[in-house]
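Colleague: Spelled out from the first residue to the last, the chains are:
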Amino acid sequence: MSAITPEIVKRHGLTPEEYQKVLDIMGREPNLTELGIFSVMWSEHCSYKSSKKWLKTLPTKAPWVICGPGENAGVIDIGDGQACIFKMESHNHPSFIEPYQGAATGVGGILRDVFTMGARPVANLNALRFGDPSHAKTRHLVSGVVAGIGGYGNCMGIPTVGGECEFHPCYNGNILVNAMTVGVADTDKIFYSAAAGLGNPLVYVGSRTGRDGIHGATMASAEFDEDSEEKRPTVQVGDPFTEKRVLEACLELMATDAIVAIQDMGAAGLTCSTFEMASKGGMGVELNLDLVPKRAADMTAYELMLSESQERMVMVLKPGREDEARAIFEKWELEFAVVGHLTDTGRLTLTMGGKVVGDLPIDPLAEASPEYDRPWVPTPAPKALSVDDVPAPNDPLAALKRLIGSPDLCEKRWIWEQYDHMVMGDTVGRPGGDAAVVRVHGTKKALAITTDCTPRYCLADPKEGGKQAVAEAWRNITAVGATPLAITDCLNFGNPEKPKIMGQLVACIQGMSEACSALDFPVVSGNVSLYNETSGEGIRPTPAIGGVGLIKDVTKSVGLALGSDQTLIVVGETTGHLGQSLYLREIAGREEGAPPPVDLASERRNGDFVRGLIDAKRVAACHDLSGGGLLVGVAEMAMAGGVGAAIEAPQGTPPLHAWLFGEDQGRYLLAVTDAAAILADAAKAKVPAAVIGRTGDDALTLNGGHSISLAELKSAHQGWLPEFMSAP
Amino acid sequence: MKAAVIVFPGSNCDRDIQVAIEQSTGQPCAMIWHKETTLPRLDLIVVPGGFSYGDYLRSGAMAAHSPIMRAVKAEADKGVAVLGICNGFQVLTEAHLLPGVLMKNRDLRFICRDVDLRVEATDTVFTRRYRKGQVVRFPIAHNDGNYFADPVTIKTLEDEGRVAFRYCDANGNVTEAANPNGSLNNIAGILNARRNVLGMMPHPERLADMLLGGIDGRPMFDGLVEALAA
Chain A
149 MSAITPEIVK
159 RHGLTPEEYQ
169 KVLDIMGREP
179 NLTELGIFSV
189 MWSEHCSYKS
199 SKKWLKTLPT
209 KAPWVICGPG
219 ENAGVIDIGD
229 GQACIFKMES
239 HNHPSFIEPY
249 QGAATGVGGI
259 LRDVFTMGAR
269 PVANLNALRF
279 GDPSHAKTRH
289 LVSGVVAGIG
299 GYGNCMGIPT
309 VGGECEFHPC
319 YNGNILVNAM
329 TVGVADTDKI
339 FYSAAAGLGN
349 PLVYVGSRTG
359 RDGIHGATMA
369 SAEFDEDSEE
379 KRPTVQVGDP
389 FTEKRVLEAC
399 LELMATDAIV
409 AIQDMGAAGL
419 TCSTFEMASK
429 GGMGVELNLD
439 LVPKRAADMT
449 AYELMLSESQ
459 ERMVMVLKPG
469 REDEARAIFE
479 KWELEFAVVG
489 HLTDTGRLTL
499 TMGGKVVGDL
509 PIDPLAEASP
519 EYDRPWVPTP
529 APKALSVDDV
539 PAPNDPLAAL
549 KRLIGSPDLC
559 EKRWIWEQYD
569 HMVMGDTVGR
579 PGGDAAVVRV
589 HGTKKALAIT
599 TDCTPRYCLA
609 DPKEGGKQAV
619 AEAWRNITAV
629 GATPLAITDC
639 LNFGNPEKPK
649 IMGQLVACIQ
659 GMSEACSALD
669 FPVVSGNVSL
679 YNETSGEGIR
689 PTPAIGGVGL
699 IKDVTKSVGL
709 ALGSDQTLIV
719 VGETTGHLGQ
729 SLYLREIAGR
739 EEGAPPPVDL
749 ASERRNGDFV
759 RGLIDAKRVA
769 ACHDLSGGGL
779 LVGVAEMAMA
789 GGVGAAIEAP
799 QGTPPLHAWL
809 FGEDQGRYLL
819 AVTDAAAILA
829 DAAKAKVPAA
839 VIGRTGDDAL
849 TLNGGHSISL
859 AELKSAHQGW
869 LPEFMSAP
Chain B
27 MKAAVIVFPG
37 SNCDRDIQVA
47 IEQSTGQPCA
57 MIWHKETTLP
67 RLDLIVVPGG
77 FSYGDYLRSG
87 AMAAHSPIMR
97 AVKAEADKGV
107 AVLGICNGFQ
117 VLTEAHLLPG
127 VLMKNRDLRF
137 ICRDVDLRVE
147 ATDTVFTRRY
157 RKGQVVRFPI
167 AHNDGNYFAD
177 PVTIKTLEDE
187 GRVAFRYCDA
197 NGNVTEAANP
207 NGSLNNIAGI
217 LNARRNVLGM
227 MPHPERLADM
237 LLGGIDGRPM
247 FDGLVEALAA
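Chain order of the listed sequences is A and B. If you use my numbering, the first sequence corresponds to residues 149 to 876, in order. If you use my numbering, the second sequence corresponds to residues 27 to 256, in order.
Hints in this document: simulated from the structure, not taken from any laboratory. Accuracy of the hints is not assured; some may be wrong.
As the list claims (entries may be wrong) - With a Cα cut of at most 30 Å, we get these calculated DSBU-like pairs of lysine-lysine:
no. : chain 1 : residue 1 : chain 2 : residue 2
1   : A       : K479      : B       : K99
2   : A       : K201      : A       : K592
3   : A       : K479      : A       : K200
4   : A       : K158      : A       : K479
5   : A       : K201      : A       : K169
6   : B       : K28       : A       : K592
7   : A       : K201      : A       : K765
8   : A       : K428      : A       : K204
9   : B       : K158      : A       : K479
10  : A       : K285      : A       : K209
11  : A       : K442      : A       : K531
12  : A       : K479      : B       : K61
13  : A       : K593      : A       : K337
14  : A       : K531      : A       : K337
15  : A       : K158      : A       : K593
16  : A       : K442      : B       : K61
17  : A       : K285      : B       : K99
18  : A       : K158      : A       : K209
Here the structure is a predicted model, which is why all the values come from computation and not from measurement.
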């Protein structure tokens, strides 16, 4: 047996203290396979060792939550015996190294998490963050990531209905690719991963196991350096055609009652999946590695246990149901192998060639997985920025044109036209709106889905930023008329061993918690991605939020397109907050100040009021106000409807540019026909609301004078991304 | 009208077309697995969109050799209506039920958007409910929709009025700017000589429901029911 040297331990990402724990648990020196298993099980990616303490503080309960964090995905009740199952996950490191395959397998992984639980996936979304557009690698990364997401989702026939895409130099060496899948299942057909039944067969289905992706989870738990691109062999290759067949075969088998437990093989492959199933069910597992379908005959136990080959699942079947299950998988031309059975030993025993090649206790390994209370320092409070310190533009409409043509606010059609966003025939609200609206097949109801985060707010004030990310998701769902129900999150941060970064993580989670509680918007699933640093430079704190809501009558849902002869009303208070605004960054060239505060009580009051109006069919169009402020919101609604508007700004405070471009939270723009009655109702509900203009014509006009044509706005809005992507 | 949809591994618009057909017929539309070798008596056979066999080798190439395709050919030869949409069009060309090939899009990217089409042939069971020259809006969603054939084939298709749909602008002008994928003569859909087989890249089934943004696709299915209900 090979001696485990300190060097080997280090290469497996374990600290000397962690290795001592390994020795204590094993009562002997582990062999290389066993060490590899400890390494992946205790990696940050699989164990959440730095974040666990804080994740536990997030609100996860509500009467409609069927299953919160801890399973493959979160489950909520959407009525009529149906459940919505969803999760978001990062695939940042692989996507930077190999953008097409990294992004594609990110989509494949999150899809499996959702259909493992018995849901047919009905929508994909994503949250993408790239480096400075002028950085040499950015265009290559955008092109590869978008093609990879499309390549996988399109072939699967799951519509990609929404997302966000931003650019900032802090992501130059560490892009973020967060993928979200939403599925629908019957509440009495939800599948969990806890193994049960002594002697029950353990079955492997899907693709064969190859040498790809070995130690991907360990890679995702380390900082990048110049040599990272040499890690390309640890990026897996996706095969959506196989996954489509795995999906159909699993759903076909799930329609029977043959499955006891099922788990997809994601990070750390066979190791993680068998451990999780056994640990949750309090069972032992005997696994015969000779029976695992392989791509190469001479694979070692180490390679088989750590491979991250895609499109594989493991399940526990009821005894005697193997042939029925086998027939389904063979129909779909997939591998099917009984590779072991459940035991009562509480151990994972691996055999190969008739010999035991690994033998580990399950509970001690899972329970002893490290949990750190990492030291953290609070982020210093940002200095508030006075409106007087921000110069007014010479021409507010020229400033608007620059803003809507900037990389973060420009139209992302170039991206979402590469995604099939209509397949499955239920996409009611297509990409480009506040939230995507996807009808629940065969019903009148629909899911409203969005992804949101404002990293510049999170950097300046992580707690307010965490609150804002949740509040904006809630607002986007409200803006289409739906009731927000729950979120999934993808917490992307730098190196948690640095107290400053850990402080960002802690405060973002605190802010998120406050917002989740105040808005009845619990967290039901999620993922943490740490060590997003390259050569010591961390990304901005980016807690991406994926929100899901329900609208009972999809015909009541509204979009953001303006029509003629409507009155524009802004709901919520406009103080003209310019700190950390896009106006400040894009027009004044400064990134400073405090982000806009989120008043959760008024957020809720304003949102509930708007939702009530939409439900009463009193709103023709609605748009949430966020980055860029009020004038950008009007412009987006005008461009969507092909109808202009005349805006009348109030006299006095705040100054015009702050009123036009401030990013005050908790606000909506409504296009209505009974403005007076709505203002009266708003006053009764103690909701600030004011008329700011009328729609009509084909230009935006400010205070009765200066105007800009929709054609000019559209050309600025639509131009930037295609030009950037086609530049030589 | 008795209709059936052929399902290959990787088909993914099979349910969408089934929903659209059932909406017009009010009757169940059968799903037939590609391993079958015979077909029941049918009025309409649909080869649906998707990524049969993952588009490996060439899109449609492997599915064209599936056992069921022999039966589909035999039925087409007898005059049964066969509709191939998107990947289904690719399968029909690979199976030589229709001439030409569908190459990678001119811009080498997948494109999903609504496009305007000019209806060029209305003397078919598929298009009888449209007016000649009518502009309709259908979505496209494909990697390989760039129609190509040799000059003799193109001339034959044009001379025999076998181009069913052409990409055009909102006013019906057939322009290069309105051509999303580089197809020769802006061809979006073609007929066989007997006019009972239609292959098209755009998806009529995706705009047959007002909630989804339009119903320009619906006359195709209503027209089929009208022509084939026996």
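Colleague: Does each hint hold? Answer for all of them.
Modeller: How the hints compare with the structure:
{"no.": "1", "hint": "A:K479 x B:K99", "verdict": "24 Å, holds"}
{"no.": "2", "hint": "A:K201 x A:K592", "verdict": "41 Å, violated"}
{"no.": "3", "hint": "A:K479 x A:K200", "verdict": "42 Å, violated"}
{"no.": "4", "hint": "A:K158 x A:K479", "verdict": "45 Å, violated"}
{"no.": "5", "hint": "A:K201 x A:K169", "verdict": "20 Å, holds"}
{"no.": "6", "hint": "B:K28 x A:K592", "verdict": "28 Å, holds"}
{"no.": "7", "hint": "A:K201 x A:K765", "verdict": "45 Å, violated"}
{"no.": "8", "hint": "A:K428 x A:K204", "verdict": "18 Å, holds"}
{"no.": "9", "hint": "B:K158 x A:K479", "verdict": "45 Å, violated"}
{"no.": "10", "hint": "A:K285 x A:K209", "verdict": "42 Å, violated"}
{"no.": "11", "hint": "A:K442 x A:K531", "verdict": "59 Å, violated"}
{"no.": "12", "hint": "A:K479 x B:K61", "verdict": "9 Å, holds"}
{"no.": "13", "hint": "A:K593 x A:K337", "verdict": "20 Å, holds"}
{"no.": "14", "hint": "A:K531 x A:K337", "verdict": "53 Å, violated"}
{"no.": "15", "hint": "A:K158 x A:K593", "verdict": "53 Å, violated"}
{"no.": "16", "hint": "A:K442 x B:K61", "verdict": "27 Å, holds"}
{"no.": "17", "hint": "A:K285 x B:K99", "verdict": "50 Å, violated"}
{"no.": "18", "hint": "A:K158 x A:K209", "verdict": "40 Å, violated"}
Hint compliance for this structure: hints 2, 3, 4, 7, 9, 10, 11, 14, 15, 17, 18 are broken, all remaining hints hold.
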